[in-house]
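FYI, the working numbering numbers position 124 of the sequence shown as 293, with every residue one higher than the one before it.
Calculated from the structure, these hints are not laboratory results.
There's no promise every hint is true.
[Said to hold, decoys possible] Dumping the calculated BS3-like pairs for lysine-lysine here, alpha-carbon to alpha-carbon at most 27 angstroms:
no.: 1; residue 1: K280; residue 2: K304
no.: 2; residue 1: K346; residue 2: K231
no.: 3; residue 1: K346; residue 2: K336
no.: 4; residue 1: K288; residue 2: K273
no.: 5; residue 1: K273; residue 2: K318
no.: 6; residue 1: K346; residue 2: K307
no.: 7; residue 1: K231; residue 2: K280
no.: 8; residue 1: K196; residue 2: K288
no.: 9; residue 1: K346; residue 2: K224
no.: 10; residue 1: K288; residue 2: K307
no.: 11; residue 1: K346; residue 2: K280
no.: 12; residue 1: K318; residue 2: K304
no.: 13; residue 1: K288; residue 2: K304
no.: 14; residue 1: K196; residue 2: K273
[To be verified] Here are the computed distance ranges between Cβ atoms for each label pair:
no.: 15; residue 1: P337; residue 2: R243; range: 51 to 57 angstroms
no.: 16; residue 1: M345; residue 2: E374; range: 42 to 48 angstroms
no.: 17; residue 1: E235; residue 2: K273; range: 45 to 51 angstroms
no.: 18; residue 1: V344; residue 2: N321; range: 20 to 26 angstroms
Glycine included, each C-beta is placed from N, C-alpha and C at the ideal position.
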Amino acid sequence: MFGKSKTDDLFFNAFVQHGRSTLEAAKLTRSLFDELENANDLARAISEAEHVGDKITHETIKRLHETWITPFDRGDIHALIARMDDVLDLTEAVAERVVLFEMKNAQPDAKELADLLVKCCEAIVRATELLPNLKQSKELLDLCVQIGKYENDADTVYRRAIAALFKPGSDPLEVMKWRDIYDALETATDRCADVANVIEGVVLEFA
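Starting from the given sequences, assemble the full structure and let the hints guide the process.
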């Protein structure tokens with residue numbers, strides 16, 4: 170179990186708050202594909218969540234440079250908050266593309282990828298909540314494994330979605346638009362797996 174200094178709490182709280190902002194954005198993105206008529210409003214809400222995450226990231230990195238003793242390796246702290254921020258940035262990128270491309274009809278595969286992104290983010294939030302207490306190391310490691318499974322599932326859905334785009338008679342412009350959206354969704358789940366890898370490394374080092 171890590172120490173419980175006020176500085177340690179600031180780092181751990183930052184991970185949790187960032188994770189919650191990302192989960193909020195992921196859930197809004199999933200709603201986006203059911204409510205394309207409200208795309209602009211949902212995209213603005215996602216952007217607001219991203220701004221909150223950016224602020225947390227900048228404050229965490231600043232605190233990291235100002236703190237002599239950290240709860241775990243500085244490189245791991247930086248990697249964790251940076252990878253978490255990547256997930257949030259990519260989630261916002263999905264919404265931006267939906268709005269810019271003026272998408273009118275949602276693809277089932279996009280909804281499935283968004284569902285998997287939400288599941289990844291839910292697991293990340295739970296992992297950040299448990300991170301200060303390594304007595305929960307088994308649950309933490311199980312969460313990391315589960316995130317990896319979700320990411321593998323997302324890879325499968327992504328490949329199927331891309332294949333479906335190139336069926337005969339497909340509109341080339343729609344193919345380009347959806348491929349860009351699918352790329353952002355799938356890459357977001359990849360970054361979730363990166364988050365899990367950092368957490369797993371921290372747990373294995375200190376458990």
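Provide an ascending list of the numbers of those earlier hints which the structure does not satisfy. 1, 2, 5, 6, 7 and 9
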